[in-house]
Every structure is written in C-alpha cells, then in structure tokens.
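> Each chain, written out:
Number of protein chains: 2
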Amino acid sequence: MDTFTPTPISKVKRHPERGAYDRDTVYAILDAGLVCHVGYALGDQPLVTPTIHWREADRLYWHGSAASRMLETLAAGVKACVTVTIVDGLVVARSAFTHSMNYRSAMVFGTARLLETREAKLQALQHLIDRLYPGRWANLRAPLEKEIKATSVIAMPIAEASAKIRKGPPLDYDYDMGEKVWGGVIPLALTPGAPVADPKNLPGIAMPEMFARYALPR
Amino acid sequence: MDTFTPTPISKVKRHPERGAYDRDTVYAILDAGLVCHVGYALGDQPLVTPTIHWREADRLYWHGSAASRMLETLAAGVKACVTVTIVDGLVVARSAFTHSMNYRSAMVFGTARLLETREAKLQALQHLIDRLYPGRWANLRAPLEKEIKATSVIAMPIAEASAKIRKGPPLDYDYDMGEKVWGGVIPLALTPGAPVADPKNLPGIAMPEMFARYALPR
Chain A
45 MDTFTPTPIS
55 KVKRHPERGA
65 YDRDTVYAIL
75 DAGLVCHVGY
85 ALGDQPLVTP
95 TIHWREADRL
105 YWHGSAASRM
115 LETLAAGVKA
125 CVTVTIVDGL
135 VVARSAFTHS
145 MNYRSAMVFG
155 TARLLETREA
165 KLQALQHLID
175 RLYPGRWANL
185 RAPLEKEIKA
195 TSVIAMPIAE
205 ASAKIRKGPP
215 LDYDYDMGEK
225 VWGGVIPLAL
235 TPGAPVADPK
245 NLPGIAMPEM
255 FARYALPR
Chain B
45 MDTFTPTPIS
55 KVKRHPERGA
65 YDRDTVYAIL
75 DAGLVCHVGY
85 ALGDQPLVTP
95 TIHWREADRL
105 YWHGSAASRM
115 LETLAAGVKA
125 CVTVTIVDGL
135 VVARSAFTHS
145 MNYRSAMVFG
155 TARLLETREA
165 KLQALQHLID
175 RLYPGRWANL
185 RAPLEKEIKA
195 TSVIAMPIAE
205 ASAKIRKGPP
215 LDYDYDMGEK
225 VWGGVIPLAL
235 TPGAPVADPK
245 NLPGIAMPEM
255 FARYALPR
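Just so you know, the sequences run in chain order A and B. The first sequence runs 45 to 262 under the numbering used here. The second sequence runs 45 to 262 under the numbering used here.
Worth flagging that the hints you see were computed from the coordinates, not collected in a lab. Hints may be right or wrong, so weigh each one.
Copies of one chain are not kept apart here, so a pair can be met inside one copy or by any two copies together.
Simulated pairs of lysine-lysine, BS3-like, Cα-Cα distance not exceeding 27 angstroms [claimed, not checked]: (1) K190 to K224; (2) K55 to K193; (3) K224 to K165; (4) K244 to K190; (5) K190 to K57; (6) K55 to K211; (7) K57 to K123; (8) K224 to K57; (9) K224 to K55.
Sequences and hints are given; from them, build the entire structure.
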C-alpha cells in the first residue's frame, strides 16, 4: 500500500490542498525531522512529550528510560499520535490575515509496542546513532548490559498518517495586490553551527570530518 | 505566584535536575519558540496539532479557522497540553548511550477558551503579528469583518507548567574518559535565510529593514 487512506482522524480538513497521504511524502518528513512530539492520554489528560525519533520501513521508533511514564503508558497499549513539524519559513503578506508559515508536518497514528529482545533494542539504537552520525556506532565501545536494560525502545507500526505542507509565496487576495506593502518569504532552517569540542577530550583526538561539516538528516 | 507547583502530571521525573517550574523560565521558552504542539483527545484518540502561538501574561494563545476541529474540540472545554520545544544542539559523546541533545522545552496545561468579542480577537491577533514583525500591524490595511469572523482565537490560562532544559557538553562516565573518541556539541539553531521577495510585489516597494536582517523572537 503506497498511500494511507484518510479517515476522519487523519484527513486534512483545513486547506485540504495542502494534505498528502502517500508514504513517500509522509516518510520524507519523518526522516527529515530531528524531533517528534508524542501525544497520548492518561485518562482525560493529554500529554505531549518531545523526543528524538527514527523510522524503519513502516515503523516509527523512539526511546527513553525504562522508568519513563510516557513509555510505560504507551507500552500498555494506549493510542498515540506522533507529530513531526519542520518549519521552512515565515510568509509575510499584504494583509494581517494572509500572513502564514511555510512548513512540512506529518501526523502518524498507531499503538506503540516495546521492543522485547536485547537484539532488537540494540539494532534499533544503532539505527538511531547511525541516522544522525553515519558509521559512528561501529567506532564506539560495546554497550553495557546495564545500559541496554535501562533503555526502553518503542516501535510503533504506522497505522494511519497524513502530511500537510505549505510552501511558496504569500497568497494574497486580488483586491490587496495594490497595497503598497512588501510581501515575501523569510526562509528558516535548523542550521548547525561550529562544533564545540568537549574540554575533556583526550589530547590529540581530532574532530571527525563528519562533525566539522555536519549535515542534518534529510 | 512566581513558580508553578509541580503535580504528578507536570513534574519532571526523568533527569529532575533538568526541570524548572518558575514562570520566568517557562515563559522564556514559550516566547522563544516559534511553534507549539497542541495535544488534546477526541475520546481515547490523542491528537497533536502544530501551530503558531503567542503569550500574554499567564495566557497562551493560538488561532485557526473558525471551522477547525481542533479549536471546536478545545473550545468545548477539554483539557489541553501544549508543548514548545527548542532544539539547541546535538551532544556527541564517548559511548552510544550518553549521546544526547541540548534543548529547552516547556509543557503547559490548561483548558482552552475561545475569545468571544471582536475587540479581544483583534487585539490578540495584533499581538501575534507584532510578536513576529514589530510594528507591522499598523502598516497593514484594516482587517475585514469577514476575516475576523472566519478566525477563532484560543486563550488558554496556564494552570500548570514545567520546563526541561539540557545544555552543555556530553556527560560521560569516568570509566569512558580514556576512550579515544571525540566528544562535543554541534550547536543547532533555527536560522533565517535571505528573504525571497514575492514576484508580485509592486514596483518600487522596498524590503523593510526588519526583514533584511530578520531576527526571530527570543
């Protein structure tokens, strides 16, 4: 199945022309986003927790302390909604109400499951490290059993999903095009700065080239 | 009251030393974040919607179409959790499990209310525009009645809140400090690029200085 079927929960209602349901579009946003916001409910109390995520095939992953309330609640089988939002720009328009933002967001729905085996957890965590820092896992010491035990990993099969994307210039009304007001877009992007070496680094340890010109996953 | 009282819902359990409950800290994160993630539940189905927000005193604001399901649901008085997350950097460590991120996040809890009067809505929307583009509201044409009617504005009194902040270098174990592996931080920030003028701008309309060297709210 290459496209998710929109339901009343996932269908983009406002600006439906900005909605998309194909896996390629949804997954590209999940993969380009550095953090997600995990939504779940404890009774009638919603909670939204930010965390780093990664994806493999049709599953979304995140992790945390084995003692985490979020992971414990989700592992019990409650529904989750996980949203990834990438801000691409501010849209400056000719009237107050046509100001907007350019963005890509993906909302995915499902029921989370804890990875049970040591091997599944290790493989998933390797994917997390290597998504951000290709090849780094192999250059680190082996994980300790206590580290593996203290870490829970969630895998959520993506049951349903939608994307919403706005791009391009302001969309002003014809009757405003004569306003003597500048319109345009201020692009925004999460941008790496110059790495800051830990003062505790051993003498002679050089910064790997990957960090000197770090590029976020896309 | 200068500090929120942590409850089982808002208390930072994992890494409690990273938690903060004073208004100054929480509000500084809300004010520096460009978008928030609004969490609410439709029955047992959680939903997490990204949107732009702003704050005045002890209220968090966001807006949308008067036809929005999110706003309609929230206006009916269901509980909301709104989270603002600012990513400050990637923390590269000496072992896989000590890799981390630097971030500032704020979770605020409350029950949303729709602004009822035309005047309250207009004043709030002016604050939104002027938060991002100081002084711009006064240079735009007056809002049309149909625009005001089509827009709903939420004001949520902040009943409870917490912040969580990680900063600084990797926190590796003493027994890993001899690993011949580079540790450090790759700073990350949402950064404005060169503005892109709308090709439909009138001839002779200059880009305001504010956009040429745009600075996000802090």
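> Hint by hint, note whether the structure agrees.
Against the structure, the hints come out as follows:
{"no.": "1", "hint": "K190 to K224", "verdict": "between (65 angstroms within a copy, 22 angstroms between copies)"}
{"no.": "2", "hint": "K55 to K193", "verdict": "between (39 angstroms within a copy, 24 angstroms between copies)"}
{"no.": "3", "hint": "K224 to K165", "verdict": "between (59 angstroms within a copy, 25 angstroms between copies)"}
{"no.": "4", "hint": "K244 to K190", "verdict": "within (24 angstroms within a copy, 61 angstroms between copies)"}
{"no.": "5", "hint": "K190 to K57", "verdict": "between (47 angstroms within a copy, 20 angstroms between copies)"}
{"no.": "6", "hint": "K55 to K211", "verdict": "within (19 angstroms within a copy, 38 angstroms between copies)"}
{"no.": "7", "hint": "K57 to K123", "verdict": "both (21 angstroms within a copy, 22 angstroms between copies)"}
{"no.": "8", "hint": "K224 to K57", "verdict": "neither (33 angstroms within a copy, 53 angstroms between copies)"}
{"no.": "9", "hint": "K224 to K55", "verdict": "neither (38 angstroms within a copy, 50 angstroms between copies)"}
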